[in-house]
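Protein sequence lines, in the order shown, are assigned to chains X and B. In short: position in the first sequence from 1, add 4, done, that's the working numbering. In short: position in the second sequence from 1, add 97, done, that's the working numbering.
The set of hints was computed from the structure by calculation and includes no laboratory data. Incorrect hints may have been included.
Within a straight-line C-alpha distance of at most 27 Å, the following computed DSS-like cross-link-like pairs (lysine-lysine) qualify [unchecked claim]:
no.: 1; chain 1: X; residue 1: K57; chain 2: B; residue 2: K279
no.: 2; chain 1: B; residue 1: K636; chain 2: X; residue 2: K164
no.: 3; chain 1: B; residue 1: K529; chain 2: X; residue 2: K57
no.: 4; chain 1: B; residue 1: K413; chain 2: X; residue 2: K57
no.: 5; chain 1: B; residue 1: K554; chain 2: B; residue 2: K527
no.: 6; chain 1: B; residue 1: K413; chain 2: B; residue 2: K554
Just so you know, these numbers come straight off a predicted model, no measurement behind them.
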Amino acid sequence: MASHVLRRVVAAVPVLVLLSLLVWLSSLIIPGDPATTLAGDTATPAQIETIRKTLELDEPLPSRFASWASDAVRGDLGDSFVTRRPVVPTIVERIPVTLSLATMTMIVSLLIALPLGTLAAARAGRWPDRIANAISSLSIAVPSYWLGGMLVLLFAVNLKVLPSIGYVGFAENPWEWFRHMILPAVAASCVTVGLLTRQVREAVRSQLGRTYVRTARAYGASDLQVLRGEVAKNAAVPVVTTFGIQVVHALGGAIIIEKIFGLPGIGTLAIDSVVLHDLPMIQGVVLFVGVITIMVNLVVDISYLWFAPWTRA
Amino acid sequence: MASGPQSTVKFAEHRSRRRRAGLLLPLVLVCALLAAACGSDSDSGDTADTGSSGHGDVDAADLDRDATLRWAGPIDVVTMDPHQVTAASANQFLYPVYDALTFLNVEGEPEPMLATSWESTEEPASTTFHLQEGLTFDSGTPFDATAVKANIERAMNADVSLVAADLEGVTGVEVVDDLAVKVSSDAPLPELPLILADRPGMMIDPAAFDSPDLAAEGAGIGPFDLSGHTPGSKVEFVRSEDYWDPEAQNVAGITMLVIRDDAARINAVISGEADLLEITGDQYDQARGAGLNIVDGPVLQTERIGFNTAKSEFDKPEVRQALSWAIDREGIVSTLMAERCEVRNQFAPDGHIMHSESVPEDLYQYDPDEAKDLLASVGLEDGFSFEALVSNATAYLQEAQVLQQNFEAIGVDMKLTPIDGADIINAFYKDKQGDAIISGAIASGAPSTWAQIVYAKDGFRNPGGTNTPEIEELATSVRNIADPDELEQAWDDLGAEVADYAFDAQICGRTLADAAIPRVTGLEIYLASQRQLRGVGLKAE
């Protein structure tokens, strides 16, 4: 298993290098001039030139890339054009918010999708299955930004029982953390609930028709014992794959959800960086998402070794 | 189960009913969610739109001086060093921490602040400022003429300051005595008190000039101190000790919440997590319906279409004037801006020094026939076509489409090129893309700076680089006219010349509006668009 993991990690390195190059090159084609954006609407050409020199935007491209690459290898992604603060700590500051949102989103999704999908599979063709199908279809179809807006109007504006914006750290106040996270998490989990429910249903249903399940039932195992036993493990592979993809989406920054709920996470940072032409920050955020994607895929791959040992071959 | 065709039909019907029932449940849930979310807005009774929330109407004893005022806004602080701030909108973070030598009142006129008075001479050109006595920075550095000299010289130093251009013409600063400082210039600078109300005049503790914490924390002598900053989330200020003007500190603290989304901001105020925000024209009804008080007033911002006088047919003033005659301003304001924009034909509103009394209010009325006659007078009776850059925000795209229809009626074809709002200024003025621009025009800083940038031949916002000798003379000289009557006449003449030259076709002058919970008092709308919270308070609950 260790060698398997090592192989996966080594394979990720060239992917990261290529991603870094693509990120740096793609930032050059973003329209607009960062210096003019930072200088403001009433800037004079002299002010714009001063800013351009300060940001080293007047340096030749090869020189800028070499400087960036040599720093990036050492984990230094430069300073933000806008705040002049280092990129890496700025991104790290935002991680708890996005991590909180992603965690709550996945918890909410699993709490709904696992039992719903399993029930649908166990009662395939009957009314629980139909209800689960309807719920999953609806949750895929409903835009998360719409749901987010509706939840805010209902619980924050009308009922005033939950906050509409902001973030409180878990360590600062767990209860307030939960109150601030629950609405964005429910909104962000919309599509994930639908996708996971269907995956669970199909994966479990395909296992319930297997010989070993009939055998287990013949030996007197109850439905619950059957489901909790080998069925769960055997059905996990496609579910974990889908779960991993959704985790990447969530960790990459639920941009619209963060904007609606005023969450200072990676998604908001990404939007602000693009609008303000903060090239170093754009590069940093894209790299971060790339690293997260690689790491999550790695974890999913490793999980197969436990759920489905035959995939080691 | 019975078998046969009838039973099959019954079974099919039964399954159909069950399928419909299965779908009904989520539909019912959605409808319930919608109904609750769209349920009754809080009943506010009457709420007044006033020009001020009337701090003068509230007894100071009724204020809750231990409260924290929470302002929801779309931007975050970048730096607390006034000499590194380039956008006037970022001043909102500086005003609580920094007092300036002067203060711009609601009408945009300079009043005493750290400077109690000033007098100017023309030969040699200088302005002497007399300073408040007995003030000290937090570090113990005295606020005196030496500190003021150090600040102004730092602001003038283009190597460290991005506001040096605002002090163009200043040649030196001299300490007259502990409480008097003389600023010399190469020509009279009557606007200097106005300039020093903004970033060049904000007094930084000289002991902090080279401090690495200056950008993060600030070091001023204002009513509040910066106490916390959560990037992307909030900026917090607490009341300073021993501040010289306690009436400017009616709250214990200010929290500026960073909320990018317009809807999220107003929801935050309505749901009780913030106390006030700036609203857009289409949020008036929602704010009123939620029981918020609205304070609004004119500011130095207009909506307009600007022309590159060196491109397309815009080298001909008749063409520019024709397009101005073709615009249905009343229609645009009533249908797109909820009447929250004042139709006018010049940039500055009535009462501002840049406003010209010589420009008739009905100079360019909606008259397509007049427009066609003007086009015909320069041989364009068949019309022409041009490209206009337009901000890709929904409001501007809608406005542009209406303008398209207006121009189409006189045979002019305007092709639209949407561009991101953050790039449009650069694209049109620096890269000279497009023949015209549809966007807002916002002025900040000294009026003479605005005049030079926009009307002078080499002005950054004069992409065609053309004007008339009269405009060039007035735009470049108005900064140095000391006599008030002569200055007023110069602005009046410049306004009339500019209206006739038609650099832009002005559509309307914007109104800035704040919405606040009823407890908020002391809100003002400043003509020079400052986002000032000085003296704003919260009534005790």
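Against the structure, the hints:
With a C-alpha separation of about 33 Å, the suggested pairing of K57 of chain X with K279 of chain B is violated against the 27 Å cut-off. With a CA separation close to 22 Å, the supplied pair K636 of chain B and K164 of chain X stays within the 27 Å bound. Between K529 of chain B and K57 of chain X the alpha-carbon distance is near 22 Å, which keeps this suggested pair within the 27 Å criterion. The straight-line distance between the Cα atoms of K413 of chain B and K57 of chain X is roughly 38 Å, outside the 27 Å bound, and the hint therefore fails.
Under the criterion of a C-alpha separation no larger than 27 Å, the hint pairing K554 of chain B with K527 of chain B is consistent with the structure, at around 14 Å. Of the supplied pair hints, the one linking K413 of chain B and K554 of chain B holds, its CA atoms being roughly 16 Å apart against a limit of 27 Å.
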